[in-house]
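Here is what each chain is made of, one letter per residue.
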Amino acid sequence: MASELILDPSQCPSAAEKAMLPAHSHSHPHPPGWRARFRQPLIGFASVALALIVWQLSGYLAWVDPLLLPPPSEVFRTALELLDSGYRQTPLWQHFLISVARALSAFAAAIAIGVPLGLGMGLAPTLNAVLDPFIQFLRPLPKIALIPLVVVWFGIGESSKFFLIFISSFLSIVVGAVASVASVSQGRIRVAQTLGATRRQIFRHVVLPNALPELFTSVRLSIGIGWTSLIAAEMVAADSGLGWMVINAGTYLRTDIVLLGILLLGLTGYFFDWLLVRLQRRFAPWAGRDA
Amino acid sequence: MNQESRIRLERVGKSFSAPAGAERGTAVLADVSLELASGEFVCLLGPSGCGKSTILNLIAGFERADSGEILLDGRAIRGPGPERGMVFQQPTLFPWLSVRDNITFGPRLAGQAPARYLPESERYLRLMGLQDFASHMPWQLSGGMRQRVALARAWLPNPEILLMDEPFGALDAQTRLAMQELLNEVWQTTKTTVLFVTHDVDEALFLADRILLMSARPARIRQELVVPFARPRDPEEMVTDSAYGKIKRDILHGVREEAAKALVPEPA
Numbered sequence: 001m002a003s004e005l006i007l008d009p010s011q012c013p014s015a016a017e018k019a020m021l022p023a024h025s026h027s028h029p030h031p032p033g034w035r036a037r038f039r040q041p042l043i044g045f046a047s048v049a050l051a052l053i054v055w056q057l058s059g060y061l062a063w064v065d066p067l068l069l070p071p072p073s074e075v076f077r078t079a080l081e082l083l084d085s086g087y088r089q090t091p092l093w094q095h096f097l098i099s100v101a102r103a104l105s106a107f108a109a110a111i112a113i114g115v116p117l118g119l120g121m122g123l124a125p126t127l128n129a130v131l132d133p134f135i136q137f138l139r140p141l142p143k144i145a146l147i148p149l150v151v152v153w154f155g156i157g158e159s160s161k162f163f164l165i166f167i168s169s170f171l172s173i174v175v176g177a178v179a180s181v182a183s184v185s186q187g188r189i190r191v192a193q194t195l196g197a198t199r200r201q202i203f204r205h206v207v208l209p210n211a212l213p214e215l216f217t218s219v220r221l222s223i224g225i226g227w228t229s230l231i232a233a234e235m236v237a238a239d240s241g242l243g244w245m246v247i248n249a250g251t252y253l254r255t256d257i258v259l260l261g262i263l264l265l266g267l268t269g270y271f272f273d274w275l276l277v278r279l280q281r282r283f284a285p286w287a288g289r290d291a
Numbered sequence: 001m002n003q004e005s006r007i008r009l010e011r012v013g014k015s016f017s018a019p020a021g022a023e024r025g026t027a028v029l030a031d032v033s034l035e036l037a038s039g040e041f042v043c044l045l046g047p048s049g050c051g052k053s054t055i056l057n058l059i060a061g062f063e064r065a066d067s068g069e070i071l072l073d074g075r076a077i078r079g080p081g082p083e084r085g086m087v088f089q090q091p092t093l094f095p096w097l098s099v100r101d102n103i104t105f106g107p108r109l110a111g112q113a114p115a116r117y118l119p120e121s122e123r124y125l126r127l128m129g130l131q132d133f134a135s136h137m138p139w140q141l142s143g144g145m146r147q148r149v150a151l152a153r154a155w156l157p158n159p160e161i162l163l164m165d166e167p168f169g170a171l172d173a174q175t176r177l178a179m180q181e182l183l184n185e186v187w188q189t190t191k192t193t194v195l196f197v198t199h200d201v202d203e204a205l206f207l208a209d210r211i212l213l214m215s216a217r218p219a220r221i222r223q224e225l226v227v228p229f230a231r232p233r234d235p236e237e238m239v240t241d242s243a244y245g246k247i248k249r250d251i252l253h254g255v256r257e258e259a260a261k262a263l264v265p266e267p268a
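In the order they appear, the protein sequences are chains A and B. Per our numbering, the first sequence runs over residues 1 to 291. Per our numbering, the second sequence runs over residues 1 to 268.
If we strip away everything but chain A, and leave its shape as in the complex, we get (with noise of 0.2 Å):
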């Protein structure tokens, strides 16, 4: 029954099974020791904390002037009281939930509509001769050049700022999409025909589980670049989101601010990245393996 190839993960086996695998089968370069296990992120928190340290003592010390630079402590007391009182009459939690909503139904929208799009490009050399030319000349375009077109076509509401968001991560994930196709072997699609496979059948089941490694790789770049146009999206207009409240603190010289605002902003963008890694691992393990 076609229905029963569908991915299920739960045919991964377990990490318990794993382990009682031959050495082979694992391409680790290390033993899965407790300490190689840690050693990598451990690292990384340290050179975190170090980073911090020196931050704070460049304002301690008063290495650098605290306008320029305010020390780490000085950005913590600025979010409690922003969390406090909000900043301009919103509170912080909703410029940040603001900012989120924006670039989360923007994405939601540009994957919705990219990936079909890319895939079926893929699949239909007419269709992809049609539009490539159109999405190859807007891709690197600097999508801060459109914000005077998209405030004459959209205004200055919530469309313009969706828009700016969904364009840079939309034409992305088209790109992404239209390769991850490519990327099939042809022995694979031999093989599906030699044991009966029709067209339809073909691309359901070989095209298309070939190609979800590559569509998460490639929906996880274009989130960061339509968070990337988060900045550009809230300086139309807006008067709330981080992006806004970055820009909106720079002109009063609130560097405190501007620091906490980036460091949200960063930390978000982590987040996500974050969240689409797991959710390769969960849904296409195995990415990046041979077989």
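Incorrect hints may have been included.
[Unchecked claim] Not close to chain B: a few residues of chain A, all C-beta gaps over 10 Å, as computed: (1) Pro71; (2) Leu212; (3) Leu263; (4) Phe272; (5) Trp286.
[Stated by the list, open to error] Listed next, with one range per pair, are the computed distances between beta-carbon atoms: (6) Asp132/B to Arg289/A: 19 to 29 Å; (7) Ser183/A to Gly39/B: 39 to 49 Å; (8) Leu123/A to Gly25/B: 37 to 47 Å; (9) Arg231/B to Leu123/A: 27 to 37 Å.
[As the list claims (entries may be wrong)] Residues on chain A that point at chain B, a partial pick, calculated with CB under 8 Å: (10) Thr194; (11) Leu195; (12) Gly196; (13) Ala197; (14) Asp290.
Don't read these hints as lab results, they were simulated from the structure. Treat the numbers as computed from the prediction; the structure is a model and nothing was measured. Even for Gly, the Cβ is constructed at its ideal location relative to N, Cα and C.
Starting from the known structure of chain A, arrange chain B on it as the hints suggest.
Same frame as chain A, but now just chain B:
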């Protein structure tokens, strides 16, 4: 036994179109004629690049011949189909499917009920020594085990002919030997018609009923040789058989002559 031919190639020719800049294409096959009887195990032996794989690709239906006829049970071959199974040099498994799901890929796509194919797939899992690995994913297996999955996957739909394109060529010598013995055992139980491409003389002698020695490009069948050793065969006994050395020498002589020809540049 019924000796009617299962696969027949009649004066098959094939060239590949000229790459940009070159004046003419490469003639790969010239007038290749061969026949395989039902239940026969035939090895195609020849220098590398001589067009052995092209013959398999034509029979599989991946490519079309420029001239001549290719018939399966008297019918012309139009494209790939499940009655012609194939095993490649690389296992080419589906890494998103478990070992069992890889093996049952064909029957499941054909819409067969699990009750019909599961007993057979369990039998092949046992035959291939994979019974403890049915739920493993392909990347967790060694190269030899992956190729055993590929063999089981091609064999399970019970094709009329199995095409094997140097299936053990990428394995180390010891694994290759074990795989040859395994293939021999499984074939004894199924008696599927097999066309097996190799450039390894010992492999051909151990596996085949008949060896077809190919010439350098453009390839013809240079020589045909019936392997005289009785089955079931034992590799150790075979190599100590007095006939073995002479046959191997004859074949090697032919292979080397053709390989030398392949090294001479073609006239411009």
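Verification of the hints:
Here Pro71/A stays apart from chain B, with its beta-carbon at least about 48 Å from theirs, past the 10 Å limit. Interface exclusion of Leu212/A from chain B breaks down, the closest Cβ pair being 7 Å apart, not more than 10 Å. With a minimum CB-CB distance of about 39 Å to chain B, Leu263/A clears the 10 Å threshold, and the non-interface call stands. Remark: the non-interface label on Phe272/A is consistent with the geometry, its nearest Cβ contact in chain B lying 25 Å away (cut-off 10 Å).
Separation of Trp286/A from chain B is inadequate, the least Cβ-Cβ distance of about 4 Å not exceeding the 10 Å criterion. About 21 Å separates the C-beta atoms of Asp132/B and Arg289/A, a value consistent with the hinted range of 19 to 29 Å. Under the hint 39 to 49 Å, the C-beta atoms of Ser183/A and Gly39/B, about 40 Å apart, fit the expected range. Between Leu123/A and Gly25/B the CB atoms are about 29 Å apart, so this pair departs from the stated range of 37 to 47 Å.
Checked against the given bound of 27 to 37 Å, the beta carbons of Arg231/B and Leu123/A, roughly 48 Å apart, lie outside it. The interface hint given for Thr194/A is met, as the beta carbon of that residue sits about 4 Å from the closest beta carbon of chain B, less than 8 Å. Because the closest C-beta pair between Leu195/A and chain B is about 4 Å apart, less than 8 Å, the hint holds. Given the 8 Å rule on beta carbons, the hint for Gly196/A holds: about 3 Å separates it from the nearest Cβ of chain B.
Taking 8 Å as the C-beta contact cut-off toward chain B, the hint placing Ala197/A at the interface holds, the least distance being around 5 Å. At a threshold of 8 Å, the smallest CB-CB gap from Asp290/A to chain B is about 6 Å, leaving the interface hint in force.
In this structure, the earlier hints numbered 2, 5, 8 and 9 are contradicted, and the remaining ones agree with it.
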